[in-house]
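Asker: Work out the full structure: start from the sequences and follow the hints.
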Amino acid sequence: MASTFGRLAVKEIRANELFPSLLAIAFCGIMPILFTMHPTTITQAALPGELFMPLAAIFCFGGIFLPEQVAGVTDVLNSKRTQLVSIYMIRFGWYTVLLSMINLLLIVGYQLPNFAGVLFFDFVTKVLFVGSLTVFSYAASRSLAAAYLIPTVYFALCVGYPHLGPLNLFILMRQQSWTDNWWQLGVAVLLLVGGFGLVTKRAVRS
Amino acid sequence: MKLFWLEFKRFTTSLAFVLYTLVTVGFILLNVWPMIDRGLATAPVNPTARYDLITTTDFHALKTNALDQLKEEHADDAYVTYPFGFAKNVTLTAGAQVKVEQALNQARQADTRRGLEKALGPVDQLLGGHSDYQAANLQRFAVRPMTLAEARRDHTLIMRKDRITGTYARLFADIASIIVCILPTIVIIAYCYADRRAQIRPTMQAKAMGTPKWLVTRYAASVAGLLIPVLMTALLLLGRVILLYPGAALDYWAFFKAAGFWVLPTLLVSTAVGFLSDALFSNFTGFALQIGWWLITMMIGAHQVIGNYGWLLIPRHNSLHNVSFFYAHYSELAINRLGYTLLAIVFLGLTMVLMNLQREGKYRGFHLRPARR
Amino acid sequence: MDTIQINHLTKHYRGKDTPALNDVSLTISAGMFGLLGKNGAGKSTLMRILTTLDQATAGSIQMCGIPITQRAAIRAQVGYLPQNFGFYPTMTVSDALTYLAILAHVPARDQQRRIARLLAQVNLTKQARTKVKALSGGMRQRLGIAQALVNQPKVLIVDEPTAGLDPEERIRFRNLLAEFAQERIVLLSTHIVSDIEATTNRIGVLDQGHLLFTGTTAQLQTQAAGHVFASSLSVAELSAFKARYEISEQIVQGDTAHIRFLATAAMPGASTVAPTLEEAYLYLQSRPTRQGVRQ
Ligand SMILES: Nc1ncnc2c1ncn2[C@@H]1O[C@H](COP(=O)(O)OP(=O)(O)OP(=O)(O)O)[C@@H](O)[C@H]1O
Ligand SMILES: [Mg+2]
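One line per chain: the protein sequences are F, V and S, in this order.
With positions in the first sequence counted from 1, the corresponding number in the working numbering is that position plus 170.
With positions in the second sequence counted from 1, the corresponding number in the working numbering is that position plus 138.
With positions in the third sequence counted from 1, the corresponding number in the working numbering is that position plus 7.
This list has only true hints and no planted wrong ones.
Listed next, the in silico DSS-like pairs over lysine-lysine satisfying Cα-Cα at most 27 Å (straight line):
1. V:Lys140 - V:Lys351
2. V:Lys140 - S:Lys138
3. V:Lys500 - S:Lys23
4. S:Lys140 - V:Lys147
If the Cβ cut is set under 10 Å, some of the chain F residues that face chain V in the computed set are:
5. His208
6. Pro218
7. Phe229
8. Leu314
9. Ala315
10. His333
FYI, nobody ran anything at the bench for these hints, they're computed from the structure.
Being a predicted model, the structure only gives us computed values, none of them experimental.
For each residue, glycine too, the CB sits at the ideal point set by N, CA and C.
Answerer: Pasting the structure below:
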């Protein structure tokens, strides 16, 4: 069982995630041009992970549902609903790991041992929060556009709207307490459970 | 014309569009509504009150602010530049530090804006560009609270030239442009993606209609649809202002002028990017590019939100004041908007070329997923 | 005058070793022309090139005197039903037809009348207000046929039009095409030999990009004459026999199987029979192996 799942995962990632992943890595490759890679304060250090990685995450996690968007697959999808959820989970896990690795690389490059733990926790929470919001948006609407649209709007709100409290993505940038991340993590778990629950329960409309 | 209506109907009944409308209306109202309640009708009288910020034309304030900052950065050897709008730390070698010192001394002598720009130019070069000392960026040092006299002039402009609604309309345009710069791209990509999902392209491509007419109709229909939430909020806000200022001389068209003149060019570009991206990649890749463009624009704009036009895709004026800046830089804004309208047309032209190639089987899209085994 | 002339047409897809079309030369004149061939033979490729949706690597085509490179002029006179026809699921049938009629430059004043007539012809009048997603597979295919006819094309190119149609609709469709083909060129591709048999007597057979045969159905049958046999044998022998010969028909009655099969030469115990069109087609397909015997 475990090994079949492993083989499925490898096949799946090779077939569908390889190219978007490379693209995401290339996209993240422009970070050193945009941001300072030798920050001195935690506020500066937080910029790439809080401002840039959520966008990479929207792009990656929205792509989770892309391969099945071809015509005439609705019936195939509905007949294989449970297997499909595990495929979505594989993809979700893959992108989480990929983006976390990029975050880790970034933080290791900073050489700020005092902040490293907090930064990593913060960055990974961002990835999970945006990812879960994407999954939930898709699951609730069955529309790929929504999967991209809703997290983007949320991000835009974080930039401009001051009343999001602990759910604002830019915690460290705005000098809020890092413990606000626990809120985001909690919401992320709820959205994920709800999102994958909905994917399992509801049939795809054609 | 019939085709336009069929497209319009299909566009506006899609789920993506409904979501877009809800979210756009929500976003604009959330950000603009609370500001509407700030009264503009009473003239300022208190000489000690702290008034809103403005961009001054006063050279002394600019020079003092600029040199103070440079002195401090020089002393710490910790400079900040903003390539693509994001802050980046720069430290200089001892030799370069000496040159900055020289430039600083020279700048102290400057008695015109020109002279200051010339003196600080080398500093910007030493820092690798994109610093506050770049001639185009010096404006950033020219911000300070209004004096009472300035506040009064500001108020006069609001009442006479803006006729109140114009003031709110600038804020509305500022906020609406932010959201309209990014969301239409997604909606359009989804809209074009429906063609692929329905396997409809070969049928349409074999028909007689030329690509230009077809694309322009589609573009027009989607732009008309995408404007709906913008116009809806404009109407709501106008209603609110009318209620708040009974009997005042209002410019009833101000919100709609702002929508057409300020918001529309941004919308034209983000919509065109959607079509171009579909022709180029045939998937959602273009969205990543647009989101990158948007973020960079936002960050560059963020240095100066109370009046900052330049070549920003989202010209900023996130203030109910700084009115004279607006009228002084009106032509700059107009050129900006015209420029982006032209850019949208160029994008559309490129899309047309690509679609024609696709139609002839010469181009199959820049595929990011390897062909299935 | 109204002919399609295809000269030495070759099509290489990028990244493929063998060409999808290999030096195909063919003249199609007014009336129905059937294109036969296995999966991957190159039928759709040829049709896509004829409808200007794809480029040939080499060769030239003249359609009713117009070279294929004049795309706008070609598109104006062609009606096309692609192999996988689909339409926006949320549009109604009549909106879909209106939409495509506009794209096909049907004059505004003719649109309504023409669409109503087409809907009647393909028996979809009752479904005019139905959304495309609510149509059955065969109904959707009929919508596809209607849209191909919407500009009253001089040349109608339909890729497997009868796929998914029930027998009644299939006959209806054949008659529609036959009527339509009286003064026009109709090119249809299919795997179903009986479709061709009932409607057209001029066919072309493609195989791996080569044009194996062009001519009338009668000519094809003549070629196969003397290579089709009938025999009876016990069910036990059947599988061994199948391994050696291509069986075109078998009817099992009790222990005995009555079979028809293809072979190069006559053999004892089997009687020569007149080949059906299907058998002639099978014979043509199996000929490259030279033996009439499968490996
Ligand atoms: N876009 C493409 N890129 C690469 N190869 C292609 C492409 N389209 C078709 N081919 C190849 O060209 C050959 C002919 O394909 P074509 O679709 O024309 O066959 P067909 O006769 O229509 O088959 P079917 O009966 O299955 O519809 C096949 O080998 C196919 O794999
Ligand atoms: Mg085919």
